[in-house]
Amino acid sequence: AQRVTQPEKLLSVFKGAPVELKCNYSYSGSPELFWYVQYSRQRLQLLLRHISRESIKGFTADLNKGETSFHLKKPFAQEEDSAMYYCALKPMNTGFQKLVFGTGTRLLVSP
Amino acid sequence: EPEVTQTPSHQVTQMGQEVILRCVPISNHLYFYWYRQILGQKVEFLVSFYNNEISEKSEIFDDQFSVERPDGSNFTLKIRSTKLEDSAMYFCASSEWGVGTEAFFGQGTRLTVV
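If you read the sequences in order, they're chains E and A. Everything in the first sequence is counted per the working numbering, starting at 1 for the first residue and increasing by one. Everything in the second sequence is counted per the working numbering, starting at 1 for the first residue and increasing by one.
Heads up, some of the hints might be wrong.
[Claimed, not checked] Below, simulated DSS-like cross-link-like pairs (lysine-lysine); rule was C-alpha separation at most 25 Å, straight line: (1) E:K9 - A:K42; (2) E:K98 - A:K57; (3) E:K9 - E:K98; (4) A:K42 - E:K22; (5) E:K15 - E:K65; (6) E:K15 - E:K98.
[What the hints assert, rightly or not] Quick list of the computed label-pair ranges, beta carbon to beta carbon: (7) E:K65 - A:Q14: 29 to 35 Å; (8) E:A17 - A:W97: 15 to 21 Å; (9) E:K65 - A:E3: 32 to 38 Å; (10) A:Q14 - E:P75: 47 to 53 Å; (11) E:P18 - A:E53: 44 to 50 Å; (12) E:G66 - A:P2: 38 to 44 Å; (13) A:T5 - E:N93: 26 to 32 Å.
Simulated from the structure, these hints should not be mistaken for lab results. All C-beta atoms, glycine included, are put in the ideal place defined by N, C-alpha and C.
The whole structure should be built from the sequences, with the hints applied where relevant.
Structure follows, in structure tokens:
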């Protein structure tokens with residue numbers, strides 16, 4: 001079975017502080033991992049995915065197969081990063097987007 | 001930038017009534033999806049649709065649910081006889097096919113069953 005766990009419902013930090021949103025997964029095959037973000041009253045949008053290994057808005061995430069984790073990190077949080085963040089996976093090498101989501105972590109960045 | 005659009009944004013319906021949620025996927029996409037999110041819970045996959053038929057569905061997607069692409073642009077989710085537990089945010093998404101593609105989500109329809 002596929003499962004994504006985000007242990008923190010809420011992460012509250014001050015502007016300029018480092019941020020790490022945790023994501024662990026359970027999947028017997030090779031997964032493709034994603035982070036989606038939902039800003040207030042906006043749609044879910046892709047933030048980054050592990051296969052592209054890129055940094056978006058200063059966020060990075062590394063797939064650690066040994067720890068089955070895909071934590072999202074940013075060295076210096078900004079107020080505009082406040083949003084709901086969802087980790088998701090799908091089986092690698094499937095052409096369509098049957099995503100399994102975690103429960104999400106709300107990031108609140110205070111001035 | 002092209003977007004997935006959903007209508008209505010909020011639908012209130014009485015228990016037992018039929019409801020149709022509408023979506024216009026991105027025009028060159030071939031795969032269409034419905035997800036739902038019950039308040040406070042995770043976003044869950046309901047169904048994927050390709051080439052005018054269901055390609056995969058979850059156990060949530062029982063006989064009360066159906067999907068249709070009635071014309072070249074719309075993609076609909078019908079719930080035949082709504083139950084209180086169908087109250088949720090329903091997200092439509094679309095994607096191209098292939099590894100490395102992404103799902104583009106609509107803004108969602110909040111369905112409230114009373």
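Comparing the hints with the structure gives:
no. : hint                      : result
1   : E:K9 - A:K42              : holds (11 Å)
2   : E:K98 - A:K57             : holds (9 Å)
3   : E:K9 - E:K98              : holds (23 Å)
4   : A:K42 - E:K22             : holds (16 Å)
5   : E:K15 - E:K65             : violated (31 Å)
6   : E:K15 - E:K98             : violated (35 Å)
7   : E:K65 - A:Q14: 29 to 35 Å : violated (49 Å)
8   : E:A17 - A:W97: 15 to 21 Å : violated (41 Å)
9   : E:K65 - A:E3: 32 to 38 Å  : holds (34 Å)
10  : A:Q14 - E:P75: 47 to 53 Å : holds (51 Å)
11  : E:P18 - A:E53: 44 to 50 Å : holds (47 Å)
12  : E:G66 - A:P2: 38 to 44 Å  : holds (39 Å)
13  : A:T5 - E:N93: 26 to 32 Å  : holds (30 Å)
Hint violations for this structure: numbers 5, 6, 7 and 8, all remaining hints satisfied.
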